[in-house]
Amino acid sequence: MEATKRYWDDVKEGDPLPEVRVHALTRTDFVRYAGASGDFNPIHHDQTFAEASGNPTVFAMGMLNASILSRVVTRFAGRPGVRRYKVRFATRAWPGDDVICTGRVTRKFEESGEKRVEGELVAVNQKGETLISGSFVAALPARAADGS
Amino acid sequence: MPVDKSYIGKTGRPVVMHVERGKIREFATAIKEDDPIYFDEAYASKEAGGIMPPLTFLQTVSHWDDGRGRVVVPFDLKRVLHGEQEYEFLAPIHVGDVLTVVSRIADVYEKPGKRGGSMSFAVTETTYTNQRGEVVVRAKHVTIETGQVVKD
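If you read the sequences in order, they're chains P and C.
Heads up: the first sequence begins at 78 in this note's numbering, then just goes up one per residue.
Heads up: the second sequence begins at -17 in this note's numbering, then just goes up one per residue.
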């Protein structure tokens, strides 16, 4: 899905960001992300290792969840406009968990000659537990500069 | 085990990574993305000057690192968690770019854990520089070693 063309002038503090939902993560998702990212820590794909480390089973890489959450930002601002993305990991995601990502605009400002917005983000699982909290900064085009 | 502050300032060997179209496609699929800016050359050229990688794609530098790119603070793998990750995007990245990646341990410290014992933290700063000598991204990674085996 393409990012919506969004203008700085139309955005208000408090505006909600587009929601991103992933339903029921699977062990195959973890394997696919391991291959894609290069994170071969066996705690994410090897049941025997996961159990020997005191876990019931394998769990998702934090960066997999962070990558899903990042789609909220790029859907809102378009990939080229993103200037900062920051996450703090709270709770792990397990096979079968949903990843539900939301956020809102917290600030409009100008910096480095660009019109920018700042926002806060959160990813929760199906029980409402916080998986990740985060924030971002993105530059948006202004209507006048666009000629519209 | 008390943290070893002598790791502060240690820098890994530079790693050279090539930003490739197929890898971007694979990574975007793995994060369940369908934005054409990662898949469609014609669309991406119009919108962004070419296909760009997803925000977290630079993690794939792992595939280019023979093990000497990252300084590994000796935490117990069974108690290690990724605490925080931050990216500053300073210049665009496109398919075809060649990035030189350098990581440095910026800080190592301890804090008392919520459940007793102490937690150790290592902060790694990574700089990504393109073939034109422009710094395209600065990243910060906080690794945590918990006081005991991780339980949510």
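Treat the hints as calculated values from the structure; they're not laboratory data.
Careful: at least some of the hints might be erroneous.
Below, a list of computed lysine-lysine pairs in the DSS-like style, where the Cα atoms sit at most 25 Å apart [what the hints assert, rightly or not]:
1. C:Lys96 with P:Lys185
2. P:Lys163 with C:Lys(-8)
3. P:Lys89 with P:Lys192
4. P:Lys185 with P:Lys163
5. C:Lys122 with C:Lys28
6. C:Lys122 with C:Lys(-8)
7. C:Lys60 with C:Lys14
8. C:Lys(-8) with C:Lys14
9. P:Lys163 with P:Lys82
10. C:Lys96 with C:Lys14
11. P:Lys204 with P:Lys163
12. C:Lys(-8) with P:Lys192
13. P:Lys163 with P:Lys192
14. C:Lys93 with P:Lys82
15. C:Lys60 with C:Lys(-13)
16. C:Lys96 with P:Lys204
17. P:Lys89 with P:Lys163
18. C:Lys5 with C:Lys96
19. P:Lys163 with C:Lys93
20. C:Lys5 with C:Lys28
21. C:Lys(-8) with C:Lys93
22. C:Lys(-13) with P:Lys204
23. C:Lys14 with P:Lys192
24. C:Lys60 with C:Lys(-8)
25. C:Lys5 with C:Lys93
26. C:Lys5 with C:Lys(-13)
27. C:Lys(-13) with C:Lys28
28. P:Lys82 with C:Lys28
29. C:Lys28 with C:Lys60
30. C:Lys(-13) with P:Lys192
31. P:Lys185 with C:Lys93
32. P:Lys204 with P:Lys82
33. P:Lys204 with P:Lys89
The calculated label-pair distances, taken between Cβ atoms and stated as ranges, are [to be verified]:
34. P:Pro93 with C:Asp48: 40 to 50 Å
35. P:Gly205 with C:Lys122: 42 to 52 Å
36. C:Ala73 with P:Asp87: 39 to 49 Å
37. P:Asp123 with C:Arg97: 25 to 35 Å
38. P:Glu79 with C:Asp89: 36 to 46 Å
39. C:Gly4 with P:Asn118: 18 to 28 Å
40. C:Val80 with P:Lys204: 20 to 30 Å
Here a beta-carbon is modelled for each residue, glycine too, at the ideal position from N, C-alpha and C.
Consistency of the hints with the structure:
Restraint check for C:Lys96 and P:Lys185: not satisfied, since their Cα atoms lie roughly 36 Å apart, outside the 25 Å limit. Note on P:Lys163 and C:Lys(-8): the hinted pairing holds, with a Cα-Cα distance of about 24 Å set against a maximum of 25 Å. Taking the CA atoms of P:Lys89 and P:Lys192, the gap is near 13 Å; set against the 25 Å cutoff, the hint holds. Distance hint between P:Lys185 and P:Lys163 is fulfilled; the C-alpha atoms sit about 18 Å from each other, no more than 25 Å.
For the suggested pair C:Lys122 and C:Lys28, the alpha carbons sit about 31 Å apart, so the restraint of at most 25 Å is broken. Between C:Lys122 and C:Lys(-8) the alpha-carbon distance is near 15 Å, which keeps this suggested pair within the 25 Å criterion. A hinted pair counts as satisfied when its Cα atoms are at most 25 Å apart, and C:Lys60 with C:Lys14 does not qualify at roughly 29 Å. With a CA separation close to 36 Å, the supplied pair C:Lys(-8) and C:Lys14 exceeds the 25 Å bound.
Annotation: proposed proximity of P:Lys163 to P:Lys82 holds, straight-line Cα distance about 23 Å (limit 25 Å). Between C:Lys96 and C:Lys14 the CA atoms are separated by roughly 35 Å; this puts the pair beyond 25 Å, and the hint is violated. A C-alpha spacing of about 23 Å is found between P:Lys204 and P:Lys163, which places the hinted pair at or below 25 Å, so the restraint holds. With a C-alpha separation of about 37 Å, the suggested pair C:Lys(-8) and P:Lys192 falls outside the 25 Å cut-off, and the hint is violated.
Distance check on the hinted pair: P:Lys163 and P:Lys192 sit about 19 Å apart at the alpha-carbon level, within 25 Å; holds. Of the supplied pair hints, the one linking C:Lys93 and P:Lys82 is violated, its CA atoms being roughly 44 Å apart against a limit of 25 Å. Our distance criterion of 25 Å between C-alpha atoms is met by C:Lys60 and C:Lys(-13), whose separation comes to about 21 Å. About 23 Å separates the Cα atoms of C:Lys96 and P:Lys204, which keeps this hinted pair within 25 Å; it holds.
For a cut-off of 25 Å, the pair hint linking P:Lys89 to P:Lys163 stands: about 21 Å separates their Cα positions. Straight-line distance between C-alpha atoms of C:Lys5 and C:Lys96 comes to about 40 Å, which puts the hinted pair past the 25 Å bound. Between P:Lys163 and C:Lys93 the alpha-carbon distance is near 22 Å, which keeps this suggested pair within the 25 Å criterion. Proposed proximity of C:Lys5 and C:Lys28 is supported: the alpha carbons are some 21 Å apart, at most 25 Å.
With a C-alpha separation of about 21 Å, the suggested pairing of C:Lys(-8) with C:Lys93 holds against the 25 Å cut-off. A threshold of 25 Å between alpha carbons decides the hint, and for C:Lys(-13) with P:Lys204 the separation of about 40 Å lies outside it, so the pair is violated. For a cut-off of 25 Å, the pair hint linking C:Lys14 to P:Lys192 is broken: about 30 Å separates their Cα positions. At roughly 24 Å between alpha-carbon atoms, C:Lys60 and C:Lys(-8) fall within 25 Å of each other, so this suggested pair holds.
Proposed proximity of C:Lys5 and C:Lys93 is contradicted: the alpha carbons are some 39 Å apart, above 25 Å. Annotation: proposed proximity of C:Lys5 to C:Lys(-13) is violated, straight-line Cα distance about 37 Å (limit 25 Å). At most 25 Å may separate the alpha-carbon atoms for a hinted pair to count; C:Lys(-13) and C:Lys28 exceed this at roughly 49 Å. Taking the CA atoms of P:Lys82 and C:Lys28, the gap is about 13 Å. The hint holds against a cut of 25 Å.
Pair hint C:Lys28 plus C:Lys60 does not hold up; C-alpha atoms about 46 Å apart against a cutoff of 25 Å. Among the hinted pairs, C:Lys(-13) with P:Lys192 is inconsistent with the structure: their alpha-carbon atoms are about 41 Å apart, more than 25 Å. With a C-alpha separation of about 35 Å, the suggested pair P:Lys185 and C:Lys93 falls outside the 25 Å cut-off, and the hint is violated. Of the pairs offered as hints, the one joining P:Lys204 and P:Lys82 is violated, with about 33 Å between alpha carbons and a cut-off of 25 Å exceeded.
For the given pair, P:Lys204 sits about 30 Å from P:Lys89 by alpha-carbon distance, which is inconsistent with the 25 Å threshold. Between P:Pro93 and C:Asp48 the beta carbons are some 44 Å apart, a value that agrees with the proposed interval 40 to 50 Å. Restraint check, P:Gly205 to C:Lys122: a C-beta distance of roughly 29 Å breaks the suggested window 42 to 52 Å. For C:Ala73 and P:Asp87, the hinted distance range of 39 to 49 Å is not satisfied, since their beta carbons lie about 27 Å from each other.
Distance hint check for P:Asp123 and C:Arg97: the Cβ-Cβ separation is about 26 Å, which falls inside the suggested range of 25 to 35 Å. Hint check: P:Glu79 to C:Asp89, Cβ distance near 40 Å, so the stated range 36 to 46 Å holds. Checked against the hint of 18 to 28 Å, the pair C:Gly4 and P:Asn118 passes, with Cβ atoms roughly 24 Å apart. Separated by about 44 Å at the C-beta atoms, C:Val80 and P:Lys204 break the suggested range of 20 to 30 Å.
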